[in-house]
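In case it helps, mature numbering (1 follows the signal peptide of the UniProt record, and there is no 0) puts the sequence shown at residues -26 to -1, 1 to 475.
Hint data in this document are derived by calculation from the structure and do not stem from the laboratory. Heads up, some of the hints might be wrong.
Said to hold, decoys possible - Beta-carbon label-pair distances, calculated as ranges:
1. Arg374 x Leu461: 46 to 56 Å
2. Lys146 x Asp107: 32 to 42 Å
3. Gln67 x Ser147: 41 to 51 Å
4. Lys277 x Lys146: 39 to 49 Å
5. Arg63 x Met430: 28 to 38 Å
6. Met430 x Glu302: 44 to 54 Å
Note that CB positions come from ideal geometry on N, CA and C, so glycine has one too.
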Amino acid sequence: MNSVGDTLRCSIPLLLVLIFVFQVEGRAAGRLHRTKRQEQTDFKCPKADGLFADPETCKKFYICAGHYPFSQNCPSSLYFDDIKKFCTRKTKQLACGPVETPETEAPPTPDPHLPNECDPSACVLPDCFCSSDGTRIPGGLEPSETPQMILLSFDGAVNSLNFDHYRKLLNKSRTNPNGCPIKGTFFVSHEYTSHFHLQKFFADGHEVAVHSISNRSPEEWWAKASYEDYAEEMVGQREILHKFANISRESLLGMRVPYLHPGGNDMMAVAYDFDFAYDSSIIVPMSHTPVWPYTLDYRIPHKCMQGTCPTKSFPGLWEIPLNTLFSEDGTGGMCSLADQCVFQENDDESVEQFLKDNFKRHYNVNRAPLGLYFHVNWFNDRNKTNVLLNFVDDIRTKHRDVWFVTMQELISWMRNPTKAANLNSFAPWACEKRENSCNIPKSCEVPLAMEGYTEMRYMQTCAKCPVKYPWVGNFEGSAEGYKIVDLARDAEPESDDSKKR
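Build the full structure now, drawing on both the sequences and the hints.
Structure below.
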């Protein structure tokens, strides 16, 4: 094992193809400014919004927004694939140059179960929050009264290969205005995770949430997965984290789907039925007014970019959406995960401006939480890491109303909106002492049976080593193996009819 699973899949910076539609107000404001280099292009956008190959070279592509082209270069050694819509390595399958795609999109079929539009008179905190367009601040606060929360999250496995990278950012010397260390949220997949290292992060006060057991590919699998699939992957991962990282189930309250391909109603039904507090998988279109988190009592207040958002009501289940990140001049493109925006090598100035532009858009408008979400590949780039560290330190120095909080801490504030001036005594954000992990973990070498063959896997934990490698359909790692859906079915109380039989 030379890298974590997410590093293998995300070592090449990606651009999401899904996030290129402006909201009307964003277009009307005309706040995207092209640089001189971009103004000189003769490229004509085939469509109003999207990513398109340069007709003359595979090293360039264009981001079109409202029919305006923004020229972008792929990083060195990478080439733009017009089918995959991201920069990748050169292979025989590379789709270099413009590729025509037929218009096959069918008109949407109305869903008879679609929730109603937001009703603010019926939807009241602490258990329900909505607004017509998602931009309203909870509690009726003014932006100047509202803390600017920044959410740092890290997707994928946690182990010795990335532990020091993350801890450099989450150093205890970096504190919030109340003197407590800044916090982050880890959306953890099982494969390649060291539960020993993960338990250390949890002991430091950070949040651990669920990112599936397998993190399997292809990406599209997650959009089509069934209720049972999601129960095994998400609830199973919660059980693995509980048993092998010694984290209580009551602390494991959040989930995020791999590749940000949500599974619609089935995925949310699992979150709802198995008592998760929130999901964070839904992407918000590019807009100059960010969206606040909301509960899924009502229809989502923005366009569904992925096409597989929930269409039913799940009362009280929070969605912490991913607002699209972008620079005002278009540099880096648009992305929902920060590491998926593309910057030229060693272009520290553009990365710095990218972070500042996104902060200002939240801080100066409606103080919606700013999500800076990463895979480990961001931290494998020393320059990007240093820019991020300097950005965090600069924000902390200049602003006493900015807080780096976990997703659960964000929800605690939304359930009880408190003015920024009073947050030093806000109990949910107080310093917390947690039990430390062990000093010397067990290094377990255990078999994993995979469709006709068995291979050995390794895991570090402070708990007892399992008999088998915990996996989908065997979250305990026991000799027999138990499925989540079977255990849930066994736990259901018998009906009167079944008792009579």
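Open item on the list: Verify the CB-CB distance for Met430 and Glu302 against the hinted window 44 to 54 Å.
Closed with: 51 Å, holds
Open item on the list: Quick check on a hinted range of 32 to 42 Å for Lys146 and Asp107, using CB atoms only.
Closed with: 39 Å, holds
Task: Range hint 39 to 49 Å (beta carbons of Lys277 and Lys146) holds or violated - done: Once the Cβ atoms are compared, 40 Å apart, the range 39 to 49 Å for Lys146 and Lys277 holds.
Task: Distance restraint evaluation - Arg63, Met430, Cβ atoms, bounds 28 to 38 Å - done: 30 Å Cβ-Cβ, so the 28 to 38 Å window holds.
Open item on the list: 41 to 51 Å was suggested as the range; check whether the CB atoms of Gln67 and Ser147 agree with it.
Closed with: 48 Å, holds
Task: Pairwise beta carbon distance, Arg374 to Leu461, judged against the given window 46 to 56 Å - done: 48 Å, holds
Violation of the numbered hints given earlier is absent; every hint is satisfied by the structure.
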